[in-house]
Amino acid sequence: MFSLLQQAVEVVSDTGTHVEAANQEAAIAAEHAADADLVIVAGDHTVAATENAAGMPQLNPEYFGNLIFWLLVTLAVLYWVLSKVALPRIGSVISDRQGVITGDLMQAEEYKKKAKDAEAAYDKALSDARAEAGKIVTAQKADIQKELDEAIAKADAEIAARTAESEKRIGAIRESAAVDARSVARDVTAELVRRFGGTADDAAIDAAVDARLKGAF
Amino acid sequence: MATETEAETGLAFHPMDQFMVKPIFGDGPVHWYTPTNATMWFAITLLAVIALLVFGTRGRAVIPSRVQSIAEMTYGMVYKMLEDICGKEGVKYFPYVMTLFCFIVFANYLALIPMSFSTTSHIAVTAVLAMFVFIGVTVLGFVKNGMHFLELFWVKSAPLALRPVLAVIEVISYCVRPVSHSIRLAGNVMAGHAVIKVFAAFAAVLWIAPLAILGIIGVYALEMMVCIIQAYVFTILTCVYLKDALHPAH
Numbered sequence: 005m006f007s008l009l010q011q012a013v014e015v016v017s018d019t020g021t022h023v024e025a026a027n028q029e030a031a032i033a034a035e036h037a038a039d040a041d042l043v044i045v046a047g048d049h050t051v052a053a054t055e056n057a058a059g060m061p062q063l064n065p066e067y068f069g070n071l072i073f074w075l076l077v078t079l080a081v082l083y084w085v086l087s088k089v090a091l092p093r094i095g096s097v098i099s100d101r102q103g104v105i106t107g108d109l110m111q112a113e114e115y116k117k118k119a120k121d122a123e124a125a126y127d128k129a130l131s132d133a134r135a136e137a138g139k140i141v142t143a144q145k146a147d148i149q150k151e152l153d154e155a156i157a158k159a160d161a162e163i164a165a166r167t168a169e170s171e172k173r174i175g176a177i178r179e180s181a182a183v184d185a186r187s188v189a190r191d192v193t194a195e196l197v198r199r200f201g202g203t204a205d206d207a208a209i210d211a212a213v214d215a216r217l218k219g220a221f
Numbered sequence: 728m729a730t731e732t733e734a735e736t737g738l739a740f741h742p743m744d745q746f747m748v749k750p751i752f753g754d755g756p757v758h759w760y761t762p763t764n765a766t767m768w769f770a771i772t773l774l775a776v777i778a779l780l781v782f783g784t785r786g787r788a789v790i791p792s793r794v795q796s797i798a799e800m801t802y803g804m805v806y807k808m809l810e811d812i813c814g815k816e817g818v819k820y821f822p823y824v825m826t827l828f829c830f831i832v833f834a835n836y837l838a839l840i841p842m843s844f845s846t847t848s849h850i851a852v853t854a855v856l857a858m859f860v861f862i863g864v865t866v867l868g869f870v871k872n873g874m875h876f877l878e879l880f881w882v883k884s885a886p887l888a889l890r891p892v893l894a895v896i897e898v899i900s901y902c903v904r905p906v907s908h909s910i911r912l913a914g915n916v917m918a919g920h921a922v923i924k925v926f927a928a929f930a931a932v933l934w935i936a937p938l939a940i941l942g943i944i945g946v947y948a949l950e951m952m953v954c955i956i957q958a959y960v961f962t963i964l965t966c967v968y969l970k971d972a973l974h975p976a977h
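Protein sequence lines correspond, in order, to chains A and B.
Using our numbering, the first residue of the first sequence is number 5, and each one after it goes up by one.
Using our numbering, the first residue of the second sequence is number 728, and each one after it goes up by one.
Derived from the structure by calculation, the hints contain no laboratory data.
These figures come from a predicted structure and were not determined experimentally.
Hints should not be assumed to be uniformly reliable.
[To be verified] Sample of chain A residues lacking proximity to chain B, with all beta carbon distances greater than 10 Å (derived): (1) Tyr-67; (2) Asn-70; (3) Ser-87; (4) Arg-93; (5) Ile-140; (6) Val-141; (7) Ala-143; (8) Arg-173; (9) Ala-208.
[Stated by the list, open to error] From the structure, some residues in chain A lie toward chain B, with a derived Cβ separation under 8 Å: (10) Glu-66; (11) Arg-134; (12) Ile-209.
Where is the CB? At the ideal position from N, CA and C, for every residue including glycine.
The task is simple: from the sequences and hints, build the whole structure.
Set out below in structure tokens:
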């Protein structure tokens with residue numbers, strides 16, 4: 005508004021020759037300005053008020069009805085949509101998800117239990133198999149031991165029999181060897197006695213040889 | 728002539744023009760039923776909320792899409808706030824609290840779009856929102872508790888001599904609630920927008936323009952926070968008032 009006046013004044017000073025016209029113009033401008041001022045001070049319902057805001061539009065009661073009416077419409081529609089459509093849907097989605105998660109967790113728990121059972125069964129089977137294997141091994145060992153003992157006993161008996169036989173044969177050989185040695189020694193003794201010019205008395209020679217050979221066999 | 732003068736100096740301060748209510752069709756007076764720019768931005772707010780909470784969740788997916796997760800997080804946040812403050816009985820009023828929160832958040836953020844109209848900057852709008860809460864809570868308090876609701880003002884933990892004085896103070900503070908409740912929101916939104924507009928006017932001057940633009944960016948960022956904070960504060964205060972109605976004893 006002041007700018008209007010200022011411009012009017014400038015016009016006056018610039019156009020010194022047309023003072024009358026300028027004055028008139030200034031007066032009109034001032035009048036306009038006054039009008040505009042009035043408009044703004046009153047803040048009334050004219051079109052001028054919609055050009056620039058006067059003070060705070062928030063405090064202009066002219067707008068209240070409009071704002072409140074459309075706000076109520078908006079809130080009513082929003083409340084209806086939220087309470088009838090949006091919120092039940094979101095709530096059900098969330099609870100569904102909770103249900104799915106709980107179900108999945110329970111299923112997982114079940115699978116875990118199954119896995120544990122399977123593990124236990126496997127462990128049991130393994131230990132059973134071990135025990136069985138141990139038993140089989142023990143039985144086999146016992147069988148083998150028995151066979152081994154039998155074989156050893158048989159072998160021992162055979163060895164004893166053979167040893168006895170061998171000893172008998174050795175004894176016989178030794179016997180014959182002793183007899184042979186005695187007869188050879190007797191013959192040699194008799195021959196020696198004869199050569200030295202003695203008379204060979206068989207009984208004496210035998211006694212002497214026997215005495216000499218005693219302890220050698 | 729006025730605009731020419733402004734063009735010469737480069738400075739035109741009209742920070743409050745943005746809050747004016749104008750008819751969309753023609754230049755007539757603003758009656759209560761006239762479709763105005765306010766009507767348009769109320770409608771846009773409404774559509775935005777519906778787009779998020781209804782269209783965003785139309786998949787009803789167990790594994791949510793991005794938009795659906797935002798809708799669910801909003802739902803979860805408001806629901807938890809209400810349940811934490813008011814307990815299980817408060818959950819009945821969840822749709823209304825959610826309506827308030829969604830409306831204010833979307834109205835605040837949509838108002839940050841340049842050239843838009845900020846509905847929540849109008850005291851008439853926030854006053855209606857606050858009065859709904861105030862009247863609703865007061866009626867609910869008397870319906871639920873009868874005359875026991877008045878125990879809200881009778882501070883039993885104070886010495887007997889002090890109680891009448893405290894009662895007067897409590898009643899006054901109770902009655903001032905809708906005023907502070909509404910002016911807080913409208914004032915925050917209006918102030919931020921007006922400041923941005925003032926900076927914008929300064930941006931027309933060459934030598935100060937960089938500073939002014941930085942200022943706009945700064946205030947805009949601040950407003951981004953104010954939008955959600957004010958919506959949160961409005962909603963949490965609604966919950967607190969509701970708690971008073973449900974459990975008036977201190």
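To test your reading of the hints: which numbers does this structure violate?
1, 2, 3, 4, 11, 12
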